[in-house]
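Protein chains: 2
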Amino acid sequence: MSLLVIGSVAFDAIETPFGKTDKIIGGAATYISLSSSYFTHDVNLVAVVGGDFPKEDITLLEKHGVNTEGLQIKENEKSFFWSGKYHNDMNSRDTLVTELNVLGDFDPIIPATYQGSEYVMLGNLSPEVQRTVIERMETKPKLIAMDTMNFWMDIAREELDKTIALVDVLIINDEEARQLSGEYALKTAAKKIMAMGPKFLIIKKGEHGALLFGEDKIYYCPALPLESVFDPTGAGDTFAGGFIGHLAASDDISFANMKRAVIYGSAMASFCVEKFGTERILNLSKEEVNTRVQEFIDLSQVEISLA
Amino acid sequence: MSLLVIGSVAFDAIETPFGKTDKIIGGAATYISLSSSYFTHDVNLVAVVGGDFPKEDITLLEKHGVNTEGLQIKENEKSFFWSGKYHNDMNSRDTLVTELNVLGDFDPIIPATYQGSEYVMLGNLSPEVQRTVIERMETKPKLIAMDTMNFWMDIAREELDKTIALVDVLIINDEEARQLSGEYALKTAAKKIMAMGPKFLIIKKGEHGALLFGEDKIYYCPALPLESVFDPTGAGDTFAGGFIGHLAASDDISFANMKRAVIYGSAMASFCVEKFGTERILNLSKEEVNTRVQEFIDLSQVEISLA
Chain A
824 MSLLVIGSVA
834 FDAIETPFGK
844 TDKIIGGAAT
854 YISLSSSYFT
864 HDVNLVAVVG
874 GDFPKEDITL
884 LEKHGVNTEG
894 LQIKENEKSF
904 FWSGKYHNDM
914 NSRDTLVTEL
924 NVLGDFDPII
934 PATYQGSEYV
944 MLGNLSPEVQ
954 RTVIERMETK
964 PKLIAMDTMN
974 FWMDIAREEL
984 DKTIALVDVL
994 IINDEEARQL
1004 SGEYALKTAA
1014 KKIMAMGPKF
1024 LIIKKGEHGA
1034 LLFGEDKIYY
1044 CPALPLESVF
1054 DPTGAGDTFA
1064 GGFIGHLAAS
1074 DDISFANMKR
1084 AVIYGSAMAS
1094 FCVEKFGTER
1104 ILNLSKEEVN
1114 TRVQEFIDLS
1124 QVEISLA
Chain B
824 MSLLVIGSVA
834 FDAIETPFGK
844 TDKIIGGAAT
854 YISLSSSYFT
864 HDVNLVAVVG
874 GDFPKEDITL
884 LEKHGVNTEG
894 LQIKENEKSF
904 FWSGKYHNDM
914 NSRDTLVTEL
924 NVLGDFDPII
934 PATYQGSEYV
944 MLGNLSPEVQ
954 RTVIERMETK
964 PKLIAMDTMN
974 FWMDIAREEL
984 DKTIALVDVL
994 IINDEEARQL
1004 SGEYALKTAA
1014 KKIMAMGPKF
1024 LIIKKGEHGA
1034 LLFGEDKIYY
1044 CPALPLESVF
1054 DPTGAGDTFA
1064 GGFIGHLAAS
1074 DDISFANMKR
1084 AVIYGSAMAS
1094 FCVEKFGTER
1104 ILNLSKEEVN
1114 TRVQEFIDLS
1124 QVEISLA
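Here the protein sequences come in this chain order: A and B.
As numbered in this note's numbering, residues 824 to 1130 make up the first sequence, in order.
As numbered in this note's numbering, residues 824 to 1130 make up the second sequence, in order.
The shape of chain A in the complex, shown without the other chains (with noise of 0.2 Å):
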């Protein structure tokens, strides 16, 4: 089935304890495309870059699959640009520049061809371009899910709440979904995000792994131990993009599949993390995303029945 991707593509400059980058390619939409394009064909991007952003990387996105007739070139502004530091832990960085440039305006153009995109993710971008788009789909999709961050929450919560009450599968981390939901107790949590809307929430714990909710049942999918974490940039975007790619490539939106969803996911942003940017990602195997599947896979799986 086809995806329809929207948010940010973009430069990221990044400093970890194990080295820095000039402005490479990143932004959440680049890492999603990427990423569900090792499980789906049929990926539609939107979003847009200024003039500066290099050529060939569009032709990298569209060598992967990526359909680009969605990206919006406007040759005479800039494109977005993020720079961050990691502290020495990596679950914590500092943002040391963000320039909105070209996103500033962002109107979310659908084209034609995109029209009847079965599921869509919603990258992290502002609540009121993401509900842009879901009003621009001139067909329901089967399927919305969404990423979004403690910045929304902040500076747009009406806003946001009126967009992830039209979604189906909510994505944040353990700290959003206590920020979002005023709850400690991620299953508590859970309870009054879902309550918002989302028929399904993933909250993503870094190292600890993904919990899924739905369905008034609770998967947790560990996450595999790492001997090194190089640079966590992209991880929940590769995660999302792995997710929505398996669900897109399979049509299957069961809870046991979504279950499956997470583990590919899972899989794919363990990837990301083991390079700077998108280094990691842009040049997979499909028996590479099946060994670390099956390594996921293999972490969490008992043979047990009760006496």
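Just so you know, the hints here were simulated from the structure itself, not pulled from any lab data.
Check the hints yourself; a few may be wrong.
Same chains, same label: a pair holds when it works inside one copy or across any pair of copies.
Said to hold, decoys possible - No more than 25 Å apart at the CA atoms, straight line, and that leaves these computed lysine-lysine pairs for BS3-like: (1) K1028 - K1040; (2) K1098 - K1014; (3) K886 - K1010; (4) K1109 - K1040; (5) K1098 - K1010; (6) K1082 - K1028; (7) K1082 - K1040; (8) K1010 - K1028; (9) K1015 - K985; (10) K985 - K1098; (11) K843 - K985; (12) K901 - K1040; (13) K1098 - K843; (14) K1014 - K1028; (15) K1022 - K965.
For chain A, the structure is supplied; the task is to place chain B on it using the hints.
Same frame as chain A, now just chain B:
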């Protein structure tokens, strides 16, 4: 198979955001014995209390099938006493009082009837006392598991290393694993710790579950998301009791069975935190335990086949 349990049997006074207790029955060996008693009725306790310890609490242990022949009662001395206050997040606590009393010169005498115990659980105590128990076992047990804490890493590292070298399974939490190994990444920490002797290592991660390392494999048992944690005291010991209790009952020390044992330990610990002290694990039915174990299984099991 019979299980020898050594550790403190003591008084605790606990304060959490939900309330506080006077002196109640506590101690590592109390929680371990009670928890393991749900799996095996051949639990041999080695510990020491003072004349102030209530006879009815000893009777309570015996009613759970715990053999108290090895429980020394020093009539003219006082029992070990610990008092602590948990912070609002329940993840950290301050120790308010530690009175060693009878534990100060504890000589772990093993009754003749305990000789031949196939399974040994060394609850948190000085590493010298733990090692004395190993040395006094006339036949080599099938499996020796050991708990310890950062306190011994700080003040008795050399003694601790000598004891760790003699055990089969070490059970510690994530902070302790990092301190013991000097490594932040738990996978790397596990390698270093297993090079010190233990063939298996369990790293407890509290609300994030527990990791089992051994035979070049990793098992990650997620923790059931709880709506509230009332009192974390004894949860780690209760985990250890369920773990070793299942191993002793099934008499199977394969990695596959240790995975199951981690689930049983996790399920028991999840009960422990629901009420103050030992209250919850004193009164569990077989049905309650099985239902909770099934919830842990359902939490992470997935049906998936790779394309």
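Each hint, compared with the structure:
| no. | hint | result |
| --- | --- | --- |
| 1 | K1028 - K1040 | both (18 Å within a copy, 22 Å between copies) |
| 2 | K1098 - K1014 | between (36 Å within a copy, 23 Å between copies) |
| 3 | K886 - K1010 | neither (41 Å within a copy, 36 Å between copies) |
| 4 | K1109 - K1040 | between (31 Å within a copy, 23 Å between copies) |
| 5 | K1098 - K1010 | between (33 Å within a copy, 18 Å between copies) |
| 6 | K1082 - K1028 | both (16 Å within a copy, 22 Å between copies) |
| 7 | K1082 - K1040 | both (11 Å within a copy, 23 Å between copies) |
| 8 | K1010 - K1028 | both (13 Å within a copy, 18 Å between copies) |
| 9 | K1015 - K985 | within (15 Å within a copy, 51 Å between copies) |
| 10 | K985 - K1098 | neither (37 Å within a copy, 39 Å between copies) |
| 11 | K843 - K985 | neither (38 Å within a copy, 43 Å between copies) |
| 12 | K901 - K1040 | neither (45 Å within a copy, 49 Å between copies) |
| 13 | K1098 - K843 | within (11 Å within a copy, 49 Å between copies) |
| 14 | K1014 - K1028 | both (17 Å within a copy, 24 Å between copies) |
| 15 | K1022 - K965 | within (13 Å within a copy, 50 Å between copies) |
Violated hints, in rising order: 3, 10, 11, 12; the structure is consistent with all others.
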